[in-house]
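Q: Sequence:
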Amino acid sequence: MSSYNQAWLQLIASHVDLSQPVNRLTSAQIKAVGKEPRLMTKFDSRSSRPTVLKDNGLFLLPETNGSYLLLREDGYCDLGSAASQDIEDYQAHFPIHFEALENSSSEMNNLDRLFLCGLIGEFVGTPALWATIRGRRFAPEFRYRVGELGEFCAKGIQYEVDQGYESADEIILFEAKGTTPSDFLIRQLFFPFKVFSQTCRKRIRSVFFNFDATHSVCSFFEYRFEDPRQYQSISRIAERHFRVRFPDPSLLTLDELFRQRRRESSQEAWEIPQADDFSKIMELPLKIAEGYDDSGLMATAFDFDARQSSYYRKACEQMGLVTSHLGRYILTEQGRDYIALPSEERTRFMMKMMLAQPIVEAAFDDALRHPNHLISLQNISARIEKESHLSGETVRRRAQSVRSWLRWLENALGELRLGGEVLKID
30 MSSYNQAWLQ
40 LIASHVDLSQ
50 PVNRLTSAQI
60 KAVGKEPRLM
70 TKFDSRSSRP
80 TVLKDNGLFL
90 LPETNGSYLL
100 LREDGYCDLG
110 SAASQDIEDY
120 QAHFPIHFEA
130 LENSSSEMNN
140 LDRLFLCGLI
150 GEFVGTPALW
160 ATIRGRRFAP
170 EFRYRVGELG
180 EFCAKGIQYE
190 VDQGYESADE
200 IILFEAKGTT
210 PSDFLIRQLF
220 FPFKVFSQTC
230 RKRIRSVFFN
240 FDATHSVCSF
250 FEYRFEDPRQ
260 YQSISRIAER
270 HFRVRFPDPS
280 LLTLDELFRQ
290 RRRESSQEAW
300 EIPQADDFSK
310 IMELPLKIAE
320 GYDDSGLMAT
330 AFDFDARQSS
340 YYRKACEQMG
350 LVTSHLGRYI
360 LTEQGRDYIA
370 LPSEERTRFM
380 MKMMLAQPIV
390 EAAFDDALRH
400 PNHLISLQNI
410 SARIEKESHL
420 SGETVRRRAQ
430 SVRSWLRWLE
440 NALGELRLGG
450 EVLKID
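In terms of the numbering used here, the sequence shown is residues 30 to 455.
Quick caveat, the hints were computed from the structure, so don't treat them as lab data. Misleading hints may appear alongside valid ones.
With a straight-line cut-off of 30 Å between C-alpha atoms, the simulated DSSO-like cross-links for lysine-lysine are [said to hold, decoys possible]: (1) Lys-83 / Lys-60; (2) Lys-343 / Lys-316; (3) Lys-64 / Lys-316; (4) Lys-71 / Lys-343; (5) Lys-60 / Lys-184; (6) Lys-453 / Lys-343; (7) Lys-316 / Lys-83; (8) Lys-343 / Lys-415; (9) Lys-64 / Lys-83; (10) Lys-71 / Lys-184; (11) Lys-231 / Lys-64; (12) Lys-415 / Lys-381; (13) Lys-184 / Lys-231; (14) Lys-316 / Lys-60; (15) Lys-316 / Lys-381; (16) Lys-343 / Lys-83; (17) Lys-453 / Lys-415; (18) Lys-60 / Lys-71; (19) Lys-64 / Lys-343; (20) Lys-316 / Lys-71; (21) Lys-381 / Lys-343; (22) Lys-453 / Lys-381; (23) Lys-184 / Lys-83; (24) Lys-83 / Lys-71.
Cβ pair distances, simulated, as ranges [stated by the list, open to error]: (25) Asp-103 / Glu-390: 43 to 49 Å; (26) Ala-160 / Gln-35: 40 to 46 Å; (27) Glu-170 / Asp-256: 18 to 24 Å.
Beta carbons are placed, not taken as given, at the ideal position from N, Cα and C, and that holds for glycine.
Can you build the whole structure from these sequences, using the hints too?
A: Okay, structure coming up:
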């Protein structure tokens with residue numbers, strides 16, 4: 030069991046009456062079990078909650094700037110994903126070359142690029158937009174209800190808006206994720222909505238945005254609160270999904286990257302992790318540096334469960350960036366060098382690390398010999414089965430991870446052109 034889950038068990042045992050639907054915790058109580066409240070209270074999805082909260086149907090909301098409500102209710106909203114036929118292709122064009130935005134994958138950076146190329150204006154139906162709101166703020170006092178649990182009062186809490194845009198008659202508030210969650214915490218839209226509805230005369234709109242870096246798909250979901258007093262009155266009123274191509278003149282060609290690939294890694298050559306999203310592999314060392322240094326805490330950072338945390342940690346170990354000791358995730362010397370790089374250099378660094386993995390080299394070799402220059406799941410699986418200790422359905426799952434990495438690379442480079450041939454992924 031992770032130290033994060035152990036700490037929550039201790040908190041529940043000492044301060045919570047599980048027979049009651051409403052309990053309260055303080056920052057001081059959380060600190061007393063040796064944890065930082067900001068890390069212990071970030072549950073942006075159902076699966077990122079500690080086990081004891083999941084088992085008892087509980088979720089957390091801030092009540093003041095130093096206390097929390099622990100409520101037996103469902104505080105999350107299902108998100109869903111785009112069917113392939115619903116994804117629109119979009120070629121981004123910028124009026125100038127924005128060097129400062131190159132190769133960063135943060136939520137705010139994704140929104141900035143989509144705003145500058147006009148896609149956000151297209152989704153909201155208002156091209157005349159101005160970016161006026163961003164970051165953490167303290168909220169004025171407001172009241173609201175959660176299901177049948179009664180009325181609650183938020184006093185001086187902090188809330189965050191990833192980006193807010195303003196037109197002549199509307200304010201559009203965005204919550205953004207660089208992941209593809211299956212659900213999200215309603216508070217992330219509801220609290221900003223309450224604050225701006227209370228303090229502004231313009232119409233308030235709420236949008237949840239996520240970016241699937243593996244497939245370069247941007248998803249926009251607009252929500253409305255049918256009863257502004259009721260936390261759970263959220264309903265979806267619009268959604269659109271775009272596969273976006275961004276121009277990036279700074280990236281090397283695949284041939285150049287192969288010549289410069291890095292061969293350092295810390296595990297056996299044919300150890301192949303089950304980690305589909307390469308952008309999360311890139312981000313995990315940065316999260317460790319921020320203090321998310323075990324499987325439970327990493328799950329809260331990425332909105333997935335502790336098992337997936339271990340998969341992505343193993344992928345970073347394979348890249349030589351991370352090691353673990355007694356359940357703690359630790360940056361290697363190479364990992365510390367990696368996080369110190371500028372963001373654009375980190376992308377090129379990780380491309381070279383990916384290309385040094387034997388399974389990736391083998392996939393390209395097989396594709397160059399294929400009559401249609403195809404990178405196929407079947408051939409990747411055959412290579413893994415031949416060269417590694419893996420067998421059965423595990424082989425296919427790991428092959429799917431490798432294929433996802435190559436799709437990420439294809440999206441980043443525009444195409445996989447190697448030795449004069451354009452390789453395609455099935």
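Q: Run every hint past the structure and note whether it holds.
A: Against the structure, the hints come out as follows:
1. For the hint pairing Lys-83 with Lys-60, the CA-to-CA distance comes to about 22 Å; that is within 30 Å, so the pair holds.
2. For the given pair, Lys-343 sits about 15 Å from Lys-316 by alpha-carbon distance, which is consistent with the 30 Å threshold.
3. Proposed proximity of Lys-64 and Lys-316 is supported: the alpha carbons are some 16 Å apart, at most 30 Å.
4. A C-alpha spacing of about 23 Å is found between Lys-71 and Lys-343, which places the hinted pair at or below 30 Å, so the restraint holds.
5. With a C-alpha separation of about 21 Å, the suggested pair Lys-60 and Lys-184 falls inside the 30 Å cut-off, and the hint holds.
6. Restraint check for Lys-453 and Lys-343: the C-alpha separation of about 28 Å stays at or below 30 Å, so the hint holds.
7. A distance of roughly 23 Å separates the Cα atoms of Lys-316 and Lys-83; the hinted pair therefore holds under the 30 Å criterion.
8. The hinted pair formed by Lys-343 and Lys-415 meets the criterion: a straight-line CA distance of about 21 Å does not exceed 30 Å.
9. As the CA atoms of Lys-64 and Lys-83 are separated by approximately 20 Å, the hinted pair is consistent with the 30 Å bound.
10. Between Lys-71 and Lys-184, the direct Cα distance comes to roughly 19 Å. Compliance with the 30 Å bound is thereby established for this hinted pair.
11. Note on Lys-231 and Lys-64: the hinted pairing is violated, with a Cα-Cα distance of about 41 Å set against a maximum of 30 Å.
12. Annotation: proposed proximity of Lys-415 to Lys-381 holds, straight-line Cα distance about 24 Å (limit 30 Å).
13. Taking the CA atoms of Lys-184 and Lys-231, the gap is about 23 Å. The hint holds against a cut of 30 Å.
14. In summary, the hint linking Lys-316 to Lys-60 is supported, as the alpha carbons are separated by about 20 Å, within the 30 Å threshold.
15. With a CA separation close to 21 Å, the supplied pair Lys-316 and Lys-381 stays within the 30 Å bound.
16. Distance hint between Lys-343 and Lys-83 is fulfilled; the C-alpha atoms sit about 25 Å from each other, no more than 30 Å.
17. Distance check on the hinted pair: Lys-453 and Lys-415 sit about 23 Å apart at the alpha-carbon level, within 30 Å; holds.
18. Pair hint Lys-60 plus Lys-71 holds up; C-alpha atoms about 15 Å apart against a cutoff of 30 Å.
19. A C-alpha spacing of about 25 Å is found between Lys-64 and Lys-343, which places the hinted pair at or below 30 Å, so the restraint holds.
20. For a cut-off of 30 Å, the pair hint linking Lys-316 to Lys-71 stands: about 14 Å separates their Cα positions.
21. Taken as a hint, the Lys-381 and Lys-343 pair is honoured in the structure, with Cα atoms around 18 Å apart against an allowance of 30 Å.
22. At most 30 Å may separate the alpha-carbon atoms for a hinted pair to count; Lys-453 and Lys-381 meet this at roughly 20 Å.
23. Distance hint between Lys-184 and Lys-83 is fulfilled; the C-alpha atoms sit about 27 Å from each other, no more than 30 Å.
24. With a C-alpha separation of about 14 Å, the suggested pairing of Lys-83 with Lys-71 holds against the 30 Å cut-off.
25. In this structure, Asp-103 and Glu-390 meet the distance hint of 43 to 49 Å, their C-beta atoms being roughly 47 Å apart.
26. Hint check: Ala-160 to Gln-35, Cβ distance near 42 Å, so the stated range 40 to 46 Å holds.
27. Taken as a hint, the range 18 to 24 Å holds for the pair Glu-170 and Asp-256, whose Cβ atoms sit roughly 19 Å apart.
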